[in-house]
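Q: Produce the entire structure from the sequences given, and follow the hints as far as they go.
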Amino acid sequence: MSIIIKPIVTEKITKDGEVFNRFGFVVDKKANKIEIKKAVEAAYGVSVTEVNTMNYRADRTVKYTKSGLISGKTNAYKKAVVQVKEGETIDFYNNI
Numbered sequence: 001m002s003i004i005i006k007p008i009v010t011e012k013i014t015k016d017g018e019v020f021n022r023f024g025f026v027v028d029k030k031a032n033k034i035e036i037k038k039a040v041e042a043a044y045g046v047s048v049t050e051v052n053t054m055n056y057r058a059d060r061t062v063k064y065t066k067s068g069l070i071s072g073k074t075n076a077y078k079k080a081v082v083q084v085k086e087g088e089t090i091d092f093y094n095n096i
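Counting along the sequence shown from 1, when you hit position 11 you're at 11 in the numbering used here, and nothing is skipped either side.
Keep in mind that the hints were calculated from the coordinates and are not lab data. Do not take every clue at face value.
With a straight-line cut-off of 27 Å between C-alpha atoms, the simulated DSSO-like cross-links for lysine-lysine are [stated by the list, open to error]: (1) 37 / 6; (2) 79 / 29; (3) 78 / 37; (4) 29 / 85.
A: What follows is the structure, given as structure tokens:
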């Protein structure tokens with residue numbers, strides 16, 4: 001489970017799951033598509049047909065306030081969108 005960090009549950013990914021059988025995960029930055037496929041198949045018991053990955057960079061922001069400049073940053077992460085075989089699904093809401 002060190003490859004899959006957490007599932008992504010957003011409106012867009014949820015709709016893709018219902019229509020196209022695609023599900024999103026935040027994964028380890030060093031993981032490749034083969035490792036992600038094996039980890040999803042082992043964790044959820046489905047057969048994965050396709051894996052797409054995206055790397056997101058850290059965004060830096062500066063806010064101008066009364067007390068001065070406040071700088072912040074979001075974390076960089078890698079996102080994987082996996083497509084499962086027709087007829088199979090992943091249920092994130094069921095506690096197994």
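Q: A separate judgement is required for each hint: does it hold in the structure or not?
A: So, going through the hints one by one against the coordinates:
1. Straight-line distance between C-alpha atoms of residue 37 and residue 6 comes to about 15 Å, which keeps the hinted pair within the 27 Å bound.
2. Between residue 79 and residue 29 the CA atoms are separated by roughly 9 Å; this keeps the pair inside 27 Å, and the hint holds.
3. This hinted pair checks out: residue 78 and residue 37 have alpha carbons roughly 14 Å apart, not beyond 27 Å.
4. Distance restraint check for residue 29 and residue 85: the Cα-Cα separation of roughly 25 Å lies within the 27 Å cut-off, and the hinted pair is therefore satisfied.
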